[in-house]
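Asker: If you're matching them up, the sequences are chains G and C in order. For the first sequence, the residue numbers in our numbering are 1 to 828. For the second sequence, the residue numbers in our numbering are 829 to 987.
Just to be clear, a hint being listed does not mean it is correct.
Output of the computed footprint for chain C on chain G, the stretches with three or more beta carbons under 8 angstroms from beta carbons of chain C [what the hints assert, rightly or not]:
| id | region |
| --- | --- |
| 1 | 123 to 136 |
| 2 | 520 to 528 |
| 3 | 740 to 746 |
Pairs of lysine to aspartate or glutamate, DMTMM-like flavour, derived with a Cα cap of 25 angstroms [said to hold, decoys possible]:
| id | chain 1 | residue 1 | chain 2 | residue 2 |
| --- | --- | --- | --- | --- |
| 4 | G | K33 | C | E845 |
| 5 | G | K33 | C | E910 |
| 6 | G | K792 | G | D680 |
| 7 | G | K199 | G | D314 |
| 8 | G | K68 | G | E148 |
| 9 | G | K111 | G | D73 |
| 10 | C | K905 | C | E845 |
| 11 | G | K68 | G | D171 |
| 12 | C | K905 | G | D637 |
| 13 | G | K199 | G | D366 |
| 14 | G | K163 | G | D201 |
| 15 | G | K33 | C | E917 |
| 16 | G | K255 | G | D48 |
| 17 | G | K331 | G | D441 |
| 18 | G | K456 | G | D441 |
| 19 | G | K33 | C | E914 |
| 20 | G | K33 | C | E916 |
| 21 | G | K68 | G | E150 |
In short, the hints are calculated from the structure, not lab data. Backbone N, C-alpha and C define an ideal beta-carbon position, used for all residues, glycine too.
For reference, the chains in residue letters:
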Amino acid sequence: MSTTETTTETSTETTTAPVELQKGHIGQSIPRKEDRRLVQGQGMFFDDVRRHGMGYVHFVRSPHAHAKIVSIDVAAALSLDGVYGTLTGDEVAIQTDPFFEMSTPPGNEIKDYALAVGKVRFMGEPVAAVCAATRELARDAAELVEVEYESLDVLVDAREAVKDETLLHDDPATNVVWSGVFDWGDWEAAKAEADHIVKIDELHFHRFSSTPLECAGALVEYDKGTTQWTLHCNHQMPGVGAIWMAPALRTGIDKLRFITQDIGGAFGNKICLHPYYVTLCLLARKLNRPVQWTEWRTDQHTANAHGNERWFHDIEVAVKADGTMLGFNVKALDDCGAFPRYEPLGCIIWAQVTAGCYAWRNIRVDFTQVCTNKSPVSPNRGYSRMQHLWLTERIIDIVTAELDLDPVEMRKRNYVKTEQMPYETPNGCVYDSGDYARCLDMALGLIGYDSIEARKAEAATRGKLLGVGIGSTLDSGTNNFGQSQLLNPELQFSGNNEAATVKLDIFGEVVVTLGTVPQGQGHETTASQVVADIIGCSPEQVHVRPGHDTFFNSHAGFSGTYASQFAVTGLGAVKGAADLLRAEMIQLAAAVLQCGPELIELSEGHARIKDGPPEAALPFMALGAIVNANNAFLPPDFNPTLNHRFVYRPYFGVVDTEKKMGKLTLTYSTQIHACVVEIDQETGVIEIVDYAAVDDCGVRIHPQIVEGQVHGATVHAIGAALFEDFVYDEDGQLLTSNFYDYHVPHALDVPALKTGAIESPSPFTPLGSKGMGEGGGGGIHCIGSAIQDALKPVGRPIVYDSCNPYHRIWSMIEDPAKTRQNVEVVPA
Amino acid sequence: MEEPSRSRAISVEINGEIYERDLDARRLLVHFIRDDLMLTGTHVGCDTGNCGACTIHLDGQAVKSCMLLAVQADGSKIATVEGLAEAEELSALQQSFSSHHALQCGYCTPGMLMSAAALLADNPHPTEDEARTAIQGNICRCTGYVNIVEAIVSVGESA
Chain G
1 MSTTETTTET STETTTAPVE LQKGHIGQSI PRKEDRRLVQ GQGMFFDDVR RHGMGYVHFV
61 RSPHAHAKIV SIDVAAALSL DGVYGTLTGD EVAIQTDPFF EMSTPPGNEI KDYALAVGKV
121 RFMGEPVAAV CAATRELARD AAELVEVEYE SLDVLVDARE AVKDETLLHD DPATNVVWSG
181 VFDWGDWEAA KAEADHIVKI DELHFHRFSS TPLECAGALV EYDKGTTQWT LHCNHQMPGV
241 GAIWMAPALR TGIDKLRFIT QDIGGAFGNK ICLHPYYVTL CLLARKLNRP VQWTEWRTDQ
301 HTANAHGNER WFHDIEVAVK ADGTMLGFNV KALDDCGAFP RYEPLGCIIW AQVTAGCYAW
361 RNIRVDFTQV CTNKSPVSPN RGYSRMQHLW LTERIIDIVT AELDLDPVEM RKRNYVKTEQ
421 MPYETPNGCV YDSGDYARCL DMALGLIGYD SIEARKAEAA TRGKLLGVGI GSTLDSGTNN
481 FGQSQLLNPE LQFSGNNEAA TVKLDIFGEV VVTLGTVPQG QGHETTASQV VADIIGCSPE
541 QVHVRPGHDT FFNSHAGFSG TYASQFAVTG LGAVKGAADL LRAEMIQLAA AVLQCGPELI
601 ELSEGHARIK DGPPEAALPF MALGAIVNAN NAFLPPDFNP TLNHRFVYRP YFGVVDTEKK
661 MGKLTLTYST QIHACVVEID QETGVIEIVD YAAVDDCGVR IHPQIVEGQV HGATVHAIGA
721 ALFEDFVYDE DGQLLTSNFY DYHVPHALDV PALKTGAIES PSPFTPLGSK GMGEGGGGGI
781 HCIGSAIQDA LKPVGRPIVY DSCNPYHRIW SMIEDPAKTR QNVEVVPA
Chain C
829 MEEPSRSRAI SVEINGEIYE RDLDARRLLV HFIRDDLMLT GTHVGCDTGN CGACTIHLDG
889 QAVKSCMLLA VQADGSKIAT VEGLAEAEEL SALQQSFSSH HALQCGYCTP GMLMSAAALL
949 ADNPHPTEDE ARTAIQGNIC RCTGYVNIVE AIVSVGESA
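Given only the sequences and the hints, what does the whole structure look like? Please build it.
Answerer: Right, dumping it as structure tokens:
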């Protein structure tokens with residue numbers, strides 16, 4: 001495809017929340033600290049860690065989607081020279097407890113173990129593990145493990161699973177993990193007030209995942225003397241990982257030391273690694289040697305982390321004649337695969353963005369989640385909100401098309417307005433800041449919307465159908481774990497937290513440790529920018545330790561990198577610790593220079609008396625040395641440490657479990673995407689000819705990193721919209737289990753991307769910044785929107801699926817009426 | 829019938845250094861480089877030859893080292909990402925990747941750099957389309973390729 005043009009239009013209108021910091025390094029795109037090692041192949045990923053005597057682990061996995069395990073025989077595997085040992089589900093059932101389940105009864109009666117116990121419930125489910133001296137030998141030995149299965153009926157469709165005619169799990173005796181009704185505002189009144197009710201029978205959000213290039217894995221060591229496990233791993237949320245793992249292993253949280261340095265992408269897909277890690281912990285203990293597991297690509301695709309698939313049924317939308325949207329009513333059916341590992345949280349996370357970008361006040365969602373014989377799901381970039389935002393954008397475009405309204409005018413009429421910010425949604429969430437209409441204008445400007453009619457006419461002369469689409473999304477960040485109590489009031493999770501430490505060391509080195517677990521987001525760089533501005537030095541002087549280590553003592557219960565929050569929680573913790581350090585450095589300098597603290601300024605790596613003589617200055621090294629090595633002269637009641645830990649805790653208050661309302665998340669970044677597509681009428685082949693993404697994430701610490709996240713999220717969305725689909729056959733066999741069949745965008749698939757940005761600072765966060773990076777699936781929404789617009793001249797088909805490869809587009813062109821049976825407009 | 833040999837001695841030159849090893853005949857070149865020689869900059873992302881994270885130069889050609897057995901490399905000259913910088917001085921390409929933010933997690937980066945370096949050796953001033961074509965066998969899940977392509981083209985422009 002043609003040229004890549006990155007047009008960044010930036011405007012920084014500040015309407016609220018004056019940020020107390022002076023922007024020195026914050027806001028600059030300084031060189032990333034991480035890059036030097038990574039461009040030289042000197043990164044340290046889990047698979048680069050070696051230990052003497054380590055064994056390599058290979059999992060024996062089920063070829064069946066649903067079967068009883070009759071027997072497992074490991075004797076032949078064990079007889080090979082160099083095989084260190086095996087582990088089976090029977091041992092797991094004795095040595096561990098099932099993982100903690102978050103649903104209400106009976107959904108919480110599901111028993112989920114590290115290896116299959118008694119039964120397999122999805123293709124690729126691990127039934128045994130083999131550990132051997134080499135990777136090759138472990139794989140050979142795994143092939144010698146004999147497993148006898150008795151196959152059972154398979155459920156691959158959530159719409160069948162919900163009937164409970166075949167059951168996956170015996171104890172709950174239902175496939176339903178969770179169900180409940182959310183009813184906000186007054187849907188019946190909205191229906192009565194409306195001029196039209198637009199009805200849509202069924203929409204389908206498909207199964208895909210971000211498929212990080214580095215697969216999952218770990219090297220696990222067990223110390224017999226201290227009963228301590230050390231996991232050199234790529235878990236992106238170790239705080240919560242330990243909450244799952246420690247009780248299952250019947251050990252204490254502090255017996256699990258998680259260490260990460262560089263992680264090769266995660267996108268949420270490295271949150272639910274606990275079954276694999278528990279297996280490795282048991283093997284390391286049993287064999288008394290370090291054990292290493294690197295997931296195979298096929299195994300990542302078949303058995304680790306799919307995104308949530310979701311059906312929407314019986315949608316009714318209440319609309320006034322002028323296009324004002326009053327609300328909607330929908331039944332959502334979520335398919336979480338064989339086990340609800342992070343689930344049922346996806347049954348509530350979407351509610352952070354219940355209203356999408358729109359001001360409708362009456363929303364009713366009847367939500368059900370079921371198990372099927374497919375890979376378990378895990379949070380996946382845009383987790384649960386993306387599915388719901390796709391629904392809201394589909395609703396807008398279908399209503400617009402059916403009532404023959406203008407899609408731009410329709411959005412602007414219904415968007416929450418910038419003057420309404422902070423805006424409380426019908427379910428008690430508060431949109432902190434933003435200007436959706438302005439972002440939309442920018443995006444439309446970037447794709448040349450003004451000349452769209454002429455371009456449609458020109459394309460038609462070439463046999464092409466040209467269409468324009470818009471995707472309006474929110475990236476909600478810093479979530480309130482209290483929303484889990486809207487699913488299950490008994491759960492003891494609420495709020496959020498993140499930790500960091502900042503110290504000034506003996507030779508004047510500023511050392512920062514993070515609780516977060518970076519996977520490419522440049523935390524070392526952005527943390528150094530914040531610390532540098534607070535204590536008055538350059539980012540080069542600030543050493544941020546790479547990665548996460550539980551033994552840094554810089555983590556909190558919710559530590560990790562997930563849910564678009566680092567710029568708020570991670571940097572909030574860094575700022576808090578740096579503020580404490582700064583205050584103490586000033587106090588110390590004042591004591592040494594014998595002046596009032598108000599006269600001390602910190603800048604350029606020195607503490608000095610403002611407007612004082614040049615010699616009245618202490619380099620940071622002097623401050624560090626005094627406290628750490630030369631402190632005899634300090635008075636007895638003055639004990640500075642120059643070493644501070646701070647836990648940042650956003651305030652949410654408690655949620656209302658009766659009305660299912662509350663502040664579910666702290667910040668809302670905006671992404672407005674717009675694109676132009678051309679479709680070949682004969683073949684359905686689609687090309688994106690123009691694409692723009694406008695992002696507003698409040699104060700940007702490092703604009704280049706922000707833009708990089710926008711590019712990445714956009715291309716994930718393009719892949720999901722056009723190619724990426726985890727397709728199962730009726731026997732529950734995954735048909736797209738590697739990068740041949742599961743096509744992710746390559747360089748030649750990606751169109752020119754134009755970006756724009758505005759900054760609406762968050763009034764609720766320490767730096768005015770907002771979490772971003774997940775992107776809300778903007779590309780999925782706008783490409784679907786553009787396809788529907790392009791196909792208007794050929795029978796007005798309705799886009800009903802989130803994945804539209806050319807064969808689906810072709811079938812919409814061939815039989816538009818079939819898709820139109822799905823939609824009806826009735827007078828209210 | 830005589831059983832075929834399961835192991836073999838090979839000699840390869842990697843980044844200017846000679847390595848002689850006895851190894852399992854079925855060992856993949858990428859595992860030889862990573863596990864036996866501890867040159868862990870070369871990565872494995874897919875096991876099927878799709879992703880290019882394991883790209884190296886074999887006698888001057890960019891190849892995917894997961895698609896070759898180590899014994900096939902006997903007697904060859906190999907370059908890996910560790911050989912790109914000279915005396916801790918980043919190459920223009922490495923520097924360009926950093927200044928254009930052409931990497932996020934850095935996992936695909938070694939393979940991406942080796943594919944790009946092979947392109948630039950043949951074609952010092954590539955166009956954007958040529959850069960995209962040269963890296964079409966390398967998957968990146970973080971950047972969306974935009975900045976990678978810019979980084980490669982910019983090296984050619986300033987050369």
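Asker: Hint by hint, note whether the structure agrees.
Answerer: Evaluated hints:
Closer than 8 angstroms: that is the beta-carbon criterion, and the region 123 to 136 of chain G has 3 residues meeting it against chain C, so the requirement of 3 holds. Against chain C, the region 520 to 528 of chain G contributes 3 residues with a C-beta closer than 8 angstroms to a partner C-beta. That satisfies the three-residue criterion, and the hint holds. Counting residues of the region 740 to 746 of chain G whose CB lies closer than 8 angstroms to any CB of chain C gives 4, which reaches the minimum of 3, so the coverage claim holds. With a C-alpha separation of about 29 angstroms, the suggested pairing of G/K33 with C/E845 is violated against the 25 angstroms cut-off.
Restraint check for G/K33 and C/E910: the C-alpha separation of about 18 angstroms stays at or below 25 angstroms, so the hint holds. Taken as a hint, the G/K792 and G/D680 pair is honoured in the structure, with Cα atoms around 14 angstroms apart against an allowance of 25 angstroms. Between G/K199 and G/D314 the CA atoms are separated by roughly 7 angstroms; this keeps the pair inside 25 angstroms, and the hint holds. Distance hint between G/K68 and G/E148 is fulfilled; the C-alpha atoms sit about 8 angstroms from each other, no more than 25 angstroms.
Restraint check for G/K111 and G/D73: the C-alpha separation of about 23 angstroms stays at or below 25 angstroms, so the hint holds. A hinted pair counts as satisfied when its Cα atoms are at most 25 angstroms apart, and C/K905 with C/E845 qualifies at roughly 9 angstroms. With a CA separation close to 15 angstroms, the supplied pair G/K68 and G/D171 stays within the 25 angstroms bound. About 67 angstroms separates the Cα atoms of C/K905 and G/D637, which puts this hinted pair outside 25 angstroms; it is violated.
A hinted pair counts as satisfied when its Cα atoms are at most 25 angstroms apart, and G/K199 with G/D366 qualifies at roughly 16 angstroms. At most 25 angstroms may separate the alpha-carbon atoms for a hinted pair to count; G/K163 and G/D201 meet this at roughly 19 angstroms. At roughly 16 angstroms between alpha-carbon atoms, G/K33 and C/E917 fall within 25 angstroms of each other, so this suggested pair holds. Annotation: proposed proximity of G/K255 to G/D48 holds, straight-line Cα distance about 23 angstroms (limit 25 angstroms).
For the hint linking G/K331 to G/D441, the alpha-carbon distance of about 33 angstroms lies beyond 25 angstroms, and the restraint is violated. This hinted pair checks out: G/K456 and G/D441 have alpha carbons roughly 20 angstroms apart, not beyond 25 angstroms. Proposed proximity of G/K33 and C/E914 is supported: the alpha carbons are some 20 angstroms apart, at most 25 angstroms. Proposed proximity of G/K33 and C/E916 is supported: the alpha carbons are some 15 angstroms apart, at most 25 angstroms.
Using a Cα cut-off of 25 angstroms, the hinted pair G/K68 and G/E150 holds, with the two alpha carbons roughly 5 angstroms apart.
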